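Enquirer: Here are the chains, one letter per residue:
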Amino acid sequence: MKKFILWSLYLAIVTLLLAGGINRTASRFGERFDFLFFAVEPTNHDSDRIPGETQANKQEMISQQGSVIGLSARTATIELISGQIVLIERRPWRYALESGLDLQVGDPVLIAGFFEGEVFEVTQITSLSSGQSIPLRDASGHPFWSGTE
Amino acid sequence: MPNKYTVSKHTRQNWLIDAGLLISAVIASLSGIYFLLFPNAGYQGGRNPFYDLVILFTRHTWGDIHAWSGLTMVAAAAIHIPWHWHWIASMAKKIAAVISGKAAPMNRRGRFNLYLNLTVGASFLLTAISGIYFWLVPEAAHGSSASVTAFLFTNLTWDLIHTWSGILLIAAAVLHFAIHWKWVTKITRSIFTPQNLSAGQTKRSINTESQAR
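Sequences listed follow chains A and B, in order. Here the first sequence stands for residues 1 to 149, numbered as in the working numbering. Here the second sequence stands for residues 150 to 362, numbered as in the working numbering.
Bound conformation, chain A alone (with noise of 0.2 Å):
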């Protein structure tokens, strides 16, 4: 009996570390895969979504006004004037940053890009006080620091 819950245990033990090593690897091959745009997110379930095709070109470019309510060296975090809360983050941020943008909390910003799903990915951002703007996508959605450290 003692043998048996000892066993019981360590396969349990050992059932939550593969879950948990195949979630973690899972969630990097989707962030792996992100900058490509093809994205493999493992809580999407666009199947109309096709290999290769991107999918700005499919949605529609809005541009909304907002300010900069926070500022790191990894985020940028915007809030639209219509209560939204974007952030620009990680190397979409470094890329902007090493571009020359140069932003201040409270900063007015247009910001540029579309919807996907429920998320707002920025393709540009224009500093509305010094007139600085960065592409941070091309016109299909591929963002430019791809491919780039």
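Hint data in this document are derived by calculation from the structure and do not stem from the laboratory. Watch out, some of these pointers could steer you wrong.
Said to hold, decoys possible - Reference listing, derived: stretches of chain B covered by chain A, where coverage requires no fewer than 3 residues with Cβ under 8 Å from a Cβ of chain A:
no., stretch
1, 254-265
2, 276-286
To be verified - Within a straight-line C-alpha distance of at most 20 Å, the following computed PhoX-like cross-link-like pairs (lysine-lysine) qualify:
no., chain 1, residue 1, chain 2, residue 2
3, B, Lys331, A, Lys3
4, B, Lys331, A, Lys2
5, B, Lys335, B, Lys158
No experiment lies behind these values; they were computed from the predicted model shown. Built from N, CA and C at the ideal position, the CB exists for glycine as well.
Chain A is fixed; fit chain B onto it per the hints.
Expert: For chain B alone, kept in the frame of chain A given last:
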């Protein structure tokens, strides 16, 4: 008045090294499991339901815990392995003798222990090397740099190596610990509650019995 006895200095030192290895391994494993269950940091446009989740510690603290406990584990293993070098060397000689036909094959239990220790050793090596890579290249741990190659492989590949070798290490190390459970409990009991030497029992016989495991 009965003679009180604990364990020899050699056994005590061995126990201390193993205790350090066990404690750091448990901490590294638990913190590693955190990153298995919650692999993604960042808001991700609202797609990450676990963004800013705090379970005892922040994500950043969990990362520090994992890194430092992993490093401690490497340091402890760097002593644990040479400490048991005699076993490793004699096993290597035994395998060579079995392959060349000069010795009878090991029994099933011996073979299982050998394969298990080989698995623990190999998986530990891979986990340690990949872990040291992330220690030296901290930005490699972030998913946004997955396709970057800082050394030999892409960061994604290093991540996968560390993840799966770590999982294999935990699975094998649990069995390794279970095999040596009797030694662990016996020596721990001897260290913390000194035994009375019974009639006819000597210190030498206790040490021999302990080291036989």
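Enquirer: Please list, smallest to largest, the hint numbers that this structure does not respect.
Expert: The structure conflicts with hints 1, 2, although it agrees with all the remaining ones.
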